[in-house]
Each structure stands twice: as structure tokens, then as C-alpha cells.
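K.L.:
Please work from the sequences and hints to get the whole structure.
One-letter residues, chain by chain:
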Amino acid sequence: MDAKLASGGISSLENDGRATWARVEYPKIDFEDLHYYAAPKNTEGPKSLDEVDPELLETYKKLGIPLSEQEILAGVAPENRVAVDAVFDSVSVATTFKEELAKAGVIFCPISEAVREHPELVQKYLGSVVPVSDNFYATLNSAVFSDGSFVYVPPGVRCPMELSTYFRINEKNTGQFERTLIIADKGSYVSYLEGCTAPQRDENQLHAAVVELVALEDAEIKYSTVQNWYPGDSEGKGGIYNFVTKRGDCREKNSKISWTQVETGSAITWKYPSCILRGDNSQGEFYSIAISNGHQQIDSGTKMIHLGKNTASRIISKGISAGVSQNTYRGQVSAHRKASNARNFTQCDSLLIGDKCGAHTVPYIESKNSSAVFEHEATTSKISDDQMFYCQARGLDEEEAVALIVNGFVRDVIQQLPMEFAVEAQKLISISLEGSVG
Amino acid sequence: MNAPAKIQETKAEQSLNAQFDATLAQTTQDNANQRKQAWDAFKAKGIPHRRVEEWHYTDLRTKMTDAFALASKTSPKADALTGAGGLETYRIAIVNGRYVPELSSNQALAGLTVTEAEGFLAAQLGTDDAMAHLNQALVQGGITIKIDADATIEAPIEIVRYTDGTEVSSYAGTSVEIGSGAKALIIESFEGDAEAAYQSNALTEVKVGDKANIHWLKLQVESEKAQHIETLSIELGAETNFQHFIYNEGSALSRAQLFLEFKGEGTHAGLRGTCLLKDSQHADITLFVNHAVPECESREYYRAVVDDKARAVFQGKIIVEPGAQKTDGQMMIKSLLLSDTAEINAKPELEIFADDVQCAHGSTTGDIDEDLLFYLMARGIPEAQARKILVLAFLSEAIEEFEEERSVELLEAMTRKWLHADEMVSE
Amino acid sequence: MLEIKNLHAEVDGNKILRGIDLTVRPGEVHAIMGPNGSGKSTLSYVLAGKEDYEITEGSISYNGVDWSELGADERAAAGMFLAFQYPIEIPGVATMTFLKTALNAQRKARGEDEISTPDFMKLVREKSKELKVTPDMLKRPLNVGFSGGEKKRAEILQMSLLEPTLCVLDETDSGLDIDALRIVSEGVNQLRSPERSMIVITHYQRLLDHIVPDVVHVLSKGKIVKTGGKELALELEKNGYADYVDEEAA
Chain A
1 MDAKLASGGI SSLENDGRAT WARVEYPKID FEDLHYYAAP KNTEGPKSLD
51 EVDPELLETY KKLGIPLSEQ EILAGVAPEN RVAVDAVFDS VSVATTFKEE
101 LAKAGVIFCP ISEAVREHPE LVQKYLGSVV PVSDNFYATL NSAVFSDGSF
151 VYVPPGVRCP MELSTYFRIN EKNTGQFERT LIIADKGSYV SYLEGCTAPQ
201 RDENQLHAAV VELVALEDAE IKYSTVQNWY PGDSEGKGGI YNFVTKRGDC
251 REKNSKISWT QVETGSAITW KYPSCILRGD NSQGEFYSIA ISNGHQQIDS
301 GTKMIHLGKN TASRIISKGI SAGVSQNTYR GQVSAHRKAS NARNFTQCDS
351 LLIGDKCGAH TVPYIESKNS SAVFEHEATT SKISDDQMFY CQARGLDEEE
401 AVALIVNGFV RDVIQQLPME FAVEAQKLIS ISLEGSVG
Chain B
439 MNAPAKIQET KAEQSLNAQF DATLAQTTQD NANQRKQAWD AFKAKGIPHR
489 RVEEWHYTDL RTKMTDAFAL ASKTSPKADA LTGAGGLETY RIAIVNGRYV
539 PELSSNQALA GLTVTEAEGF LAAQLGTDDA MAHLNQALVQ GGITIKIDAD
589 ATIEAPIEIV RYTDGTEVSS YAGTSVEIGS GAKALIIESF EGDAEAAYQS
639 NALTEVKVGD KANIHWLKLQ VESEKAQHIE TLSIELGAET NFQHFIYNEG
689 SALSRAQLFL EFKGEGTHAG LRGTCLLKDS QHADITLFVN HAVPECESRE
739 YYRAVVDDKA RAVFQGKIIV EPGAQKTDGQ MMIKSLLLSD TAEINAKPEL
789 EIFADDVQCA HGSTTGDIDE DLLFYLMARG IPEAQARKIL VLAFLSEAIE
839 EFEEERSVEL LEAMTRKWLH ADEMVSE
Chain C
866 MLEIKNLHAE VDGNKILRGI DLTVRPGEVH AIMGPNGSGK STLSYVLAGK
916 EDYEITEGSI SYNGVDWSEL GADERAAAGM FLAFQYPIEI PGVATMTFLK
966 TALNAQRKAR GEDEISTPDF MKLVREKSKE LKVTPDMLKR PLNVGFSGGE
1016 KKRAEILQMS LLEPTLCVLD ETDSGLDIDA LRIVSEGVNQ LRSPERSMIV
1066 ITHYQRLLDH IVPDVVHVLS KGKIVKTGGK ELALELEKNG YADYVDEEAA
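Quick note, the sequences are listed as chains A, B and C, same order.
According to this note's numbering, the first sequence is numbered sequentially starting from 1.
According to this note's numbering, the second sequence is numbered sequentially starting from 439.
According to this note's numbering, the third sequence is numbered sequentially starting from 866.
These aren't lab readings, by the way, just hints derived from the structure by calculation.
Any given hint might turn out to be false.
Said to hold, decoys possible - Pair ranges (Cβ atoms, derived): (1) C:Tyr951 with A:Lys237: 56 to 66 angstroms; (2) B:Ala822 with C:Tyr951: 52 to 62 angstroms; (3) A:Val324 with B:Ala822: 32 to 42 angstroms; (4) B:Asp588 with A:Arg337: 28 to 38 angstroms; (5) C:Glu934 with B:Asp766: 49 to 59 angstroms; (6) C:Glu934 with A:Ser133: 47 to 57 angstroms.
Model, not experiment: these values are computed from the prediction.
C-beta atoms are modelled at their ideal positions from N, C-alpha and C, and glycine is treated no differently.
P.N.:
And the structure:
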């Protein structure tokens, strides 16, 4: 959706770039006061993982993502290995498994390195999905982005392991503006995971990333996010402003892009991972769990643009609101004149916990082709007393019961996550709803 | 990235400036202040355009290239008015925004009072919409309809709104007050000189008491070149049943905006309608349903059949305010696109601030189901006829849910006529 | 007389029928049996003229008329009737209106007069009684809210009203209990006549206890692999389709 969805481009953004239509409220951001680029404190940059702040390693451990290759090799079966690129305060500090990936021809490196080593790929694809002027935050990102991850999977290659980038904002008053570019060449496949955290800070920090995906003929990209940025304290003070532009381009026929997101963190989230279904028979998917508690505000969803023939998209969104939070699904599905036989199915379910929060659903359905069939369903409900009683009668306490029921509510989406993240996501869901009942 | 540049006044806006000055010159001081207020509110926004979220799909600023001159007082022949067709009704005729007694029923009807409004109606709008404000600034006249408490009005109350003339504009204001326990059917038609280009802008404010039972049928059969804008603001008391239906067939451009607010508990409201569009018609139905109190039920079911280069827009927002527990709101928008140049835009929204609610919305768009078509053809029904049967069936489903026999019959007949399905489909 | 010659057909590019030869004379009842996925339902759709089912080779003709260019409605007017395996629900179309519209459309196509409303009502009343189709069912929209058994009975009611000369029953027994099966079969048997041909498609033998066929064909992987008398059905019941499926594989 970015800015375009509701209001036709940048002009819908006011001076400071906020959209007038998004259901989020926040004080004006002083961009002068923000450090666009913050290298990690250790200005030299860690030369190995031994030099990385133990606090960061601890975070990794908690997330269940091993950072050192030895550690990974010692404990995990080869097929479950994950190659990791760690980005702290916009700088890539460690990329694992590079050699093994190189053997398969897969390029996975910081984007700064890709600019030096693979300029032809970067020039060809960077900015080809999200133009510089797309929206305020994308423009800001284009102007100041410092680093991010780059992935190229050559024709016919199935990437031998999951790729992952782990983001962390450490510095106070920092904006993180990383940029990710993933290209899946003809007939290739890659699954990419993104994890985000930030420690507690009183002031708001800004995360304005841009992610571009390009899938060529018969290629498939699966992009999963578990976002657990700091949401602010119980008074709503501090927390990350998460304004991210994510867009995938199914550029050629039979390509497929699948977004899966578990959004539990950030004070304000404003993101709409989208698919441009350009190639005939291409497919786009969006699976989302968005949990808001405390004072969090989420305005998230997707945009499925059907341009090619026989294109199909599927949207499953599960929103859970608790505390005094506001949780909005906003999504656009459109079929252009030439998108014959386009298909979309959208299911948006909202669950409210408590009577002080809000759950909102704003779909934009636009069809210009009579053979396009779009179906949209949305429901809103609460956890029923009967369900709670049943669980409690079986010995679960209130929080356990809520966690159990909520996990059932989001199951369809959790199943889309790679194994490594599914378990973590379930844990996160339980943690983020702590204190929401009673 | 810059602040939006100050938008230049359009030709239509310039014409409106002159019309407002002329209107003001003829108005009494009391009314003048109210008109000025409304005018200022309009001027602050201007003619709505696509950057105004509520008007995103109907760029009136582009489509309303001029504001036609305010229509003068005329008295067309009685047979020019169609209204509710052959039904025996109590008729209230409004021509060019003004009440015309000689075209209206003149016998008294127990429980019903119709009064001609003096110029301006101080409607308590549930909206800050620019075009509603414009109506208040330029309103030519109107009526106040009062239905007494506990009155049961058997005959349909028929409000015929007629715009007489070409390249003219009419601004009608209506206030309807329905007492507790009252029961009535209101059939409101919007029409005008065939093939004339004109603009009609109506503003109606309806207040319904407790335990009333009201059916309200709107027939929008304006000329095919007309631009039609209607703002309907509805407030409902407790334990009331209010059923509204829009039959939308006429106008080159039409916009119906409904603002409904529940003021008392235990009330049911049904907002339904069908849009039948062809050529390059553009029809927009926009709803705001505010569940401000607990235990109310609303149904918003609309269906559109869109042919040729026509475009149907549906926007509906169900709002459940904090504390409005046990709200049950269901919205369903179904559209059939009959041509590859037709277009549908749907935006069914939920905005929910209470947890113990049942709310859902759904939307489907597509062509006639091939399996249904095959089934009918396999029984020997030719394709063209089978398609009509299926379109009629699609629309009938919405019509029948209105559950008011006289209206259902009238609507089905009008729908068949539009489809040219009179002879094609056996009874 | 129905003549199917070397019929090949595909759906969405998948070859399903791979050379079927079948002749059904007036008065004959042919059963077509076969395992799931053998092409039974496809054959019924190809006969009825469903759009996505493309004939790639061979021909279908009925009473000497080539059917390849005829639409589903024209075939119905020529006497074809398909009793659907899954009769579709059509909300908004009253069953009675539908029946009358269909009957008159066919009459019109054959150059006959339309039936009058009183005659039509009488006819429906008679026929529906035999098939235990209640007046309540007739008032509802077509097939909407009907149980599985009610849908199948309504199909046979349509068949008896429209009086086709070529009836294709696609798994009419599926989802029926013993009593419903008996009612439906009786309805079908009453329609057996020297002028009428029937093709009964089924997976199980039990329907054929009630509707006794003259000829039984076994369909496997889009071809008729064996033809015999009604005893062939009993044999299949005992031994299953394994022989035919394996044969095909070997």
C-alpha cells in the first residue's frame, strides 16, 4: 500500500511524511534530531563474533538463532541450518555460511559488499521494485541507507539452507534504514527469514527499511518476518516506529512470492508487504499475525496487484488486540483490465481481548476485469467465556488459556513459517500478551 | 513531499460562488446566518476529490465540470411524475426542491403531518460532508414530515422528488420525525425530465423514536444524464426496526451517502440495495453505520450488476463505539461484472472498539458463475435467457430480504424491466 | 440412437477420455462402471456439452446429428438430460419458475406451444407426489437447502417433467440411503421405455440391483476396457476394479 494505496502517491503524505489515512497517531518526528546512520559503538566493527557485545549474542540465543558456525554444526542437523547476516544499527556485522552458499552459486552478503563485488546485479535490480520516490519513508531510506542484506540465487538453484538477517537497533535516538534486495533468478527457490529486536529506550527510534524482492520465471521467494522491536513501556513511552516498505515483484511467468509476518513489537507499525503479479500465472501470498498490546498501534496489511493473466493471490490476516492498542488491517486487491481469471481469497480475522482496544479492517477491492473473482471475508470476535472456562476446568491458568486459544486462532499463519521460526513465534505471542487479561 | 498546493477553484466552484451570493441576497436574516455557516463549511473543503478518503473512488471535482443554475419554481404536469408506479399512495411532490401542494395528495391522513419548510432546515447532521453542507447553503425549500407516535399508516407515503428543466440544479431539504411505535412504508423516488442533464442534491434527516417499524424504499431513477447526490442522516431509538432499500438505476453519476446512528438499544437496522448500471454510469453508495449503544443489529447487504463501461463503488463502514457490547453487524457486498470494461470498487470497513461483538463483512466480485449457467443450459434454457435468469436471481435475493411485499413486487418489476426480462423469464 | 466414436477429451489440458466407442440404442439401459478418476463424470459432462470439456478427437452424434458444435441448451432440446452428481444450488431462482422456464424453453426450441400454467401445475403436482418431492421443496429456491437425497429426487422430477430421450445419470446413487435409493430408482424405472436410452454411471453395483441394465461397461483410464451383461456388475462387486486397473498398468 505504501503511500500510494489510498491516495495516489507521495502527495498524500504531509510534510513529515505521515499518511493521512493510516489509523495511527504519533507526534511529529523531528528528522533533524535523528541519526540516520549509526555505526555500532565499537567503531572498528567487530572482527569476529567474539568481539560482539555479549548482550547481542544473548538476544540471539533467546531467539534460538545460533550465530557461530561451530555452534550450528555441533547441534543442528544439516538440513536445519540457517545462514545468518546480522545487522546492528544498520551495519552488517557477521555473515555465516558464505562459503558453502558460494559453492551453490548463491550470493548472500551485506548490500555494501554487493555494491563492490556485484555491481551489475545491484545496478540492474536495486530500486526496480521500490522506486526512490515511492513514498516518504522509501525516499528517506534511499537517501540514507547504509547497509542491509543482498541475496542472489542463480537460475535453477534451490538455496541449500534458510537465509536469515537479524536486525537490532542499539543506539539511542537512532534510525535504522537498512535495505534488502533479493533476486531469485529463473527456476530458483529461496526462503528468507528476518528477525528484529531492540532494547528498551525511553525515546522513540525509527526503523524505515526498504525490502525489494524480484522473482523471475518459475522462481519462488518465501520471506518471513518475526518482528519484536521494543513496543514502548506500559505508559506508551518509547518504542520503535516501524515504517517499512516491502514489495515483491513477480516479474515473470509462474513466479511466486510469499510473505509471512509475525508482528508483535514496535510502538507503531506501518507496513504493507505487497506483491505485483506481473507475470502470467504468478502467485502472491500474505500471511500475517499482528498482535498489539499496551499502547501499540499497528496499521498493516498487504497489496496484491494483479496485472498478468491467471494470477492468484491469497491473504490470511489474524489481528489480535489487547490493552489499549489499536490494530488495523489495511489491504488492497486490484485486478487490471488485462488480468483475466485473476483470483483472490482474503480472510481477515480479528480477536479482541478486553474492551479498551480497537480492531479495524479496511479492505480496498478494485476489479476491472469481469473474469477476475475476488472473495473477501472478515470477522471480529472475542475469546468466549465458554472457551476460557473449558481450558480453566482442565487446569490451565488464565494466561495459559489465552495463549492456547490465541495460538489456535493464529495456527493457519504459524504453519506457513519455517520450523525454526514457528516455535519462536508461538513463544513471542504468549509473551506479548502477558498481562492482557485479568 | 511538499504540502499540497492550494487547489485552484474549479469552474463549478466559481459558479457556486455566484449562486450562493444570489441566494443570500434573497434570504431573511435568520436563514442567512445559517446558510453562511453551511457555506463556510463547504468552502473549507471545496468539491470533494479523490484525495478525500471518503470520496476516493468518486472524484466529484473532476466529474462535476460545472454547477448548473439553480432551478426555478415550476409546476410540471401531474403525469410527468412516476413515483411508486401504480401503487395507491399518499403522495408528497417536491419539484426543484420545493413542495408542490397541487401535485400532492390533499386529503388529510390520520397520524401524518406534512409541513412546507421555510427555506432552511437546520439539520443536525451526523456528518461533516462538503456536499451536505452545500445543500444546506443552497437549499431551495423542503418539507417536514411528522408521523405521530403509535400511528400505523397503511398507504405508502410517497415522496416524489422531481427536477424539472435541463442544465438546472435542485437542492431539497427534508426532515422526517417518526414517533415511537409508529409503523409506515415510505417510498421515495428521485426523477426528472428524461434525457435532461441536471444536478440534484438532496439532504434528508430522519429521526425515529422507540419501537417503531419503518420501511424506507428509495428509487433512484433520475435521467441518464443527471448527477445525483443524496445525503441521508438517520437516528434510531430503542427497539426499533428500520429497513432501508436503495434501488439505483438512473443518473450518469450518483452518490448516496447514509449516516446511521443507533441511539437506543435493541434496534435492528437493515440497509440494502441494488445497483443496475450500464453505459458509462458511475454509482457510489457510501455508508457510515455507528453502533453507539449496545445490543443493536445492523445488516448492510448490497448487490451491483455492472455492464458496459459502468463503475460501481461501494464503501461501508461499521463503527462499534467503546461500550457498544453485543453489537451484531454484518455487511456483504456482491458484484457481478458483465463486461470487461466494467469496474467495481468495494471498501467494506470495520472499526471496532468493543470486544463482545459479532461483526463480519464480506465481498465478492466476479462474472456469472459458469457452473450455474451450465446447469440451466443443460436443462434446455438458451444462454442469453439463462444469463438473465441468473442476473435476476442475483438481484432478487437482495430484494426479497427487504421483506415488504408491496416494495418487493415493485422492485422485481422494475428489475425485470431493466433487464428486458419481461417475456424472457416465466413466472 | 447415441453413437460415440473414438472419443478423446481433455479438461485444462489434462487428457481424460482416451478413445471411447459406445452405441446406445433406443430402449437400452447401459451402465458405466469404473474406479474413481476413470473419467466417468467427464464423459457425462462431455455428453451434456460443458464448455471447458474439449473434444480433441472422435465424435458424438445423436439420431444422426453431430453434437460437437451444439451448446448444452441445444442438446437438452434434442433430448439430452444429465442428472447431475452434485446438483447445483441456485439462490434466487424459485424451483417452480425454473421448471416451467426449462420446460417451455425446450418446447419452444422444438417448435411446440408453451404449456399453460394450470396444466403445468397439475403436471408438477402429479410427478412430485410419486417422487416424494414436497410442495415446500418446490417453493424454495432451486436446490437451496435441499438434503442430498432431496436434490437427487428433484433431479429425477426434472427428468420426468422434461421427458428426455437420452438420460445420463451421473452417480445418482451417491449419498443416498436405502429408502431414497428405492424411490429414485422407481422414478427412473417408470421412465424406461422403448423410445428412451439411458446411461447409468455408477461406482457401485447396488444401484444396478434397482435399475437393471442391459449392458455393463467398465471404464478405466478413459477407455472402455470391458463390456458385458449385467452379471459383469456382480463380478466387479466381488473382485473390485483391481484387475482392470492392474491390466492397464501392465
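K.L.:
Is 32 to 42 angstroms respected by the C-beta to C-beta distance linking Val324 (chain A) and Ala822 (chain B)?
P.N.:
For Val324 (chain A) and Ala822 (chain B) the Cβ distance comes to about 58 angstroms; the hint is violated.
K.L.:
I want to verify a distance hint. Is the separation of the beta carbons of Tyr951 (chain C) and Lys237 (chain A) within 56 to 66 angstroms?
P.N.:
Since Tyr951 (chain C) and Lys237 (chain A) have Cβ atoms about 60 angstroms apart, the given range 56 to 66 angstroms holds.
K.L.:
Starting from the range 47 to 57 angstroms, see whether the pair Glu934 (chain C) and Ser133 (chain A) falls in it by beta-carbon distance.
P.N.:
holds, 56 angstroms
K.L.:
Using the Cβ atoms, figure out if Glu934 (chain C) sits within 49 to 59 angstroms of Asp766 (chain B).
P.N.:
holds, 53 angstroms
K.L.:
Looking only at beta-carbon atoms, does the pair Asp588 (chain B), Arg337 (chain A) fall within the given range of 28 to 38 angstroms?
P.N.:
Given a distance of about 56 angstroms, which is not inside 28 to 38 angstroms, the answer is violated.
K.L.:
Take a look at whether the Cβ-Cβ distance between Ala822 (chain B) and Tyr951 (chain C) falls inside 52 to 62 angstroms.
P.N.:
violated, 26 angstroms
Checked against the numbered hints above, the structure breaks hints 2, 3, 4 and satisfies the rest.
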